[in-house]
Amino acid sequence: MSTAAPHRVVGVLTPPDSLDVSDAVLETTAEGLRATGIDGFTIAAPWHKLRISERLEGVERSIHFPDGRGGQTTDDDGIDLLVPRVSQSWFGALRQQAEHHWRAAFLVAGAAGLALVLIFNALIPVLAGVAADWTPPQVDSAIGRSSIGTLQTMTGPSRTDPALRRSLQSDFSTLARTAGFAPNAVRFQIVDGGRIGANALAVPGGYVLLTDQMIARARSRDEIVGVLAHELGHLHYRHGVEKLYRAAALSAALYLLIGGDGGLGGLASLGAGVVTSAYSRDMEREADAYAVRLLRRTGYDPTAFGRLLVRLERETGSDRPSLMRSHPVSQERLDMIQDLAAD
Amino acid sequence: MPERRQNTPGPWDPAALASAPELKTPGLKKPGLKTQVRHDLAFTGDLSSFYRIWLVNTALTIVTLGLYGPWATVRTKRYLFGHTRLIGTGFTFEADPRAILKGRLILLGTLATGAFLPTVVSELDALLLFALAMLVGIPWLVSQSAKFRARNTTWRGVHFDFTGGMLGAMPWFVLLYLALPFTLGLIYPYIRKRQHAFLINNLKAGGRSFETDPSGFSYFGSTIKALVVGVVFVLAPALFVGHFINTQFGDPTTEKSAATLVLLGLASLLPLFSYLSINAVYRAYTRNILFAHTSFDGVHKLHSDIDPLKLGWITLTNLAATLLTLGFFRPVALLRKHRYLVTTMGITLMEPVEGLDRMMTRDDNALGDVGGNYFGTGVDI
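For the protein sequence lines, the chains are G and F, in the order given.
At position 63 of the first sequence the residue is numbered 63 (the numbering used here), and the sequence of numbers has no breaks.
At position 380 of the second sequence the residue is numbered 380 (the numbering used here), and the sequence of numbers has no breaks.
If you are wondering where the hints come from, they were derived from the structure by calculation, not from laboratory data.
A quick note: this is a predicted structure, and the numbers were derived from the prediction, not measured.
There may be inaccurate statements among the hints.
[What the hints assert, rightly or not] Below 30 Å or equal to it, Euclidean Cα-Cα: the simulated DSSO-like pairs (lysine-lysine) are: (1) Lys102/F - Lys243/G; (2) Lys225/F - Lys310/F; (3) Lys225/F - Lys102/F; (4) Lys49/G - Lys102/F; (5) Lys310/F - Lys77/F; (6) Lys77/F - Lys49/G; (7) Lys337/F - Lys310/F; (8) Lys77/F - Lys34/F; (9) Lys337/F - Lys77/F.
Whole structure, please, built from the sequences with the hints as guidance.
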């Protein structure tokens, strides 16, 4: 593309008293660079006071002289040959290659795709786990208190038979004691599910919540106790805080990725919702495995709660694609639970 | 005074100098009487190079866990500005990405602190702190972003600047919103007008001012027109589609195929799509009015001839295509919208342009601390 000799590059310059651009020649001097306009005016500056913009497809390179004026040239190759040390870094040169060739651009994009998978599946979960380990337990309690407040507005007092509730409380105490939780470190409450329906929750800080609707769906006590053991697993691994860290890392990553791109913010947060719910499935598996171990030690049926999960899924008729589900498909979970129990 | 259109020449070709040494790039100075010459903005960017730049930008941003983001932003803006040409010359945008990175990290830290605040202080205190942060933060961000954008932009050595500050922005970007409920929202066009006036009247190029004073009444008319367009072209079809989907697939007990689920997912985005499209139509109407009332240095007039329906259509189809391609349409969308917005703009210069000696003088104080920070929260006109 360049027709100029390596030591001279042609371009344009704005003369001092005009908004016109004049054709100009840019050449190296002993200590820097000099631009000479077609009308005879010149600007010169030593190397350290010059700034030349990076190479970018089809955009003129600007040569900034210290008095605030500047020249421009479309001769990318020429300017890089003329002033290699000012205009182009090794990184800039590589990037330029990638931006110039389709194949290289797609290669870089593919590598980034792999990196994205690694970031989501390895880096963020590991970092969130480390951060959760470093977090003082008081933070769990503080988070738990605000969640409990929200949950109280959505649920009501339990209508389950008080005798059954008392007996479940004693099952829970047995589980907690066997699991090695300090006395009063974990508490268990049965509520009317209201809007949250058949559900069981582990709230950071040591609360386990179970709804009447969940109890009504169960066919045996072992199924319920299994669910409680699963929730104790969440508390044991402190999944609540870890989830918060993951969500924070995810939204921070999205913010930095899309940063300031106004219109796309809404779409990004929608995408984040989809990803976040799929993002806790490994925690569910971890809690399942914990539950199986605990149930075996305490003498309850370790596979019962898996059957309850499959039944719940079938009754609610959920067939959402698995990406959107926070819990792994129940049949898969039941298979895994049975495998673990059989070991 | 005679008015004529001048063809804008393409990018300057170095080979031309060799073949025609006497060639002089077409300029502005005309001898004799003062003449009004209209110059339309041209856009010379092409999709294939922009798409590759976007691919590399996105890839590097991912690999660096977002830290490259500011460099990507600057390169994208530089490409779009550089290919936006007035009289054949592109605009330069040469911000320091490190300043943007600093700004984003500060904003991220502030947001994170804000998220954890309610667990530390009482709810009332948190609410008060939040209100205070909005009162000061929003106008500060608006003025800082405008300053950053202007101070990093030049054209033929003419430097842009923005002189508005946080206190100047506060009434129009925060305080007047409090009056919205009491005026049943009727004050909104006036707020919008004052926001635009704030952004234009504080803008300078080469030390000369841009000035504008559109009537609040015309902004009110724009609002009505945008609402009518919204009801006819967006809301009514959206309701129809929503109703159709609801009657066909709304029964929660029936089995749904994956295709139906995608369809339902898209339908749930209709309100967002409608809002953004109507907003684009509104933006087009107000921008046309705003520019028709804007002058530079008292004598040069600005133009904007956007077709509001076309801008709305571009916005709607851009959103849908970006979503359906999982983001891979995004560079096409960006380029398409930018091209339409700038090629409908122009300026009528009173030539020969006077006061050039002063215009070209660089104000070193203004440029000493180029922009401070940038958070990417700039308000678009």
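Taking the hints in turn, this is what the structure says about them:
1. With a C-alpha separation of about 27 Å, the suggested pairing of Lys102/F with Lys243/G holds against the 30 Å cut-off.
2. At roughly 14 Å between alpha-carbon atoms, Lys225/F and Lys310/F fall within 30 Å of each other, so this suggested pair holds.
3. In summary, the hint linking Lys225/F to Lys102/F is not supported, as the alpha carbons are separated by about 41 Å, beyond the 30 Å threshold.
4. Taking the CA atoms of Lys49/G and Lys102/F, the gap is near 25 Å; set against the 30 Å cutoff, the hint holds.
5. A distance of roughly 23 Å separates the Cα atoms of Lys310/F and Lys77/F; the hinted pair therefore holds under the 30 Å criterion.
6. For the proposed pair Lys77/F and Lys49/G, the alpha carbon gap of about 25 Å is at most 30 Å, so the pair holds.
7. Between Lys337/F and Lys310/F, the direct Cα distance comes to roughly 10 Å. Compliance with the 30 Å bound is thereby established for this hinted pair.
8. Between Lys77/F and Lys34/F, the direct Cα distance comes to roughly 35 Å. Violation of the 30 Å bound is thereby established for this hinted pair.
9. For the suggested pair Lys337/F and Lys77/F, the alpha carbons sit about 13 Å apart, so the restraint of at most 30 Å is met.
Violated hints, in rising order: 3, 8; the structure is consistent with all others.
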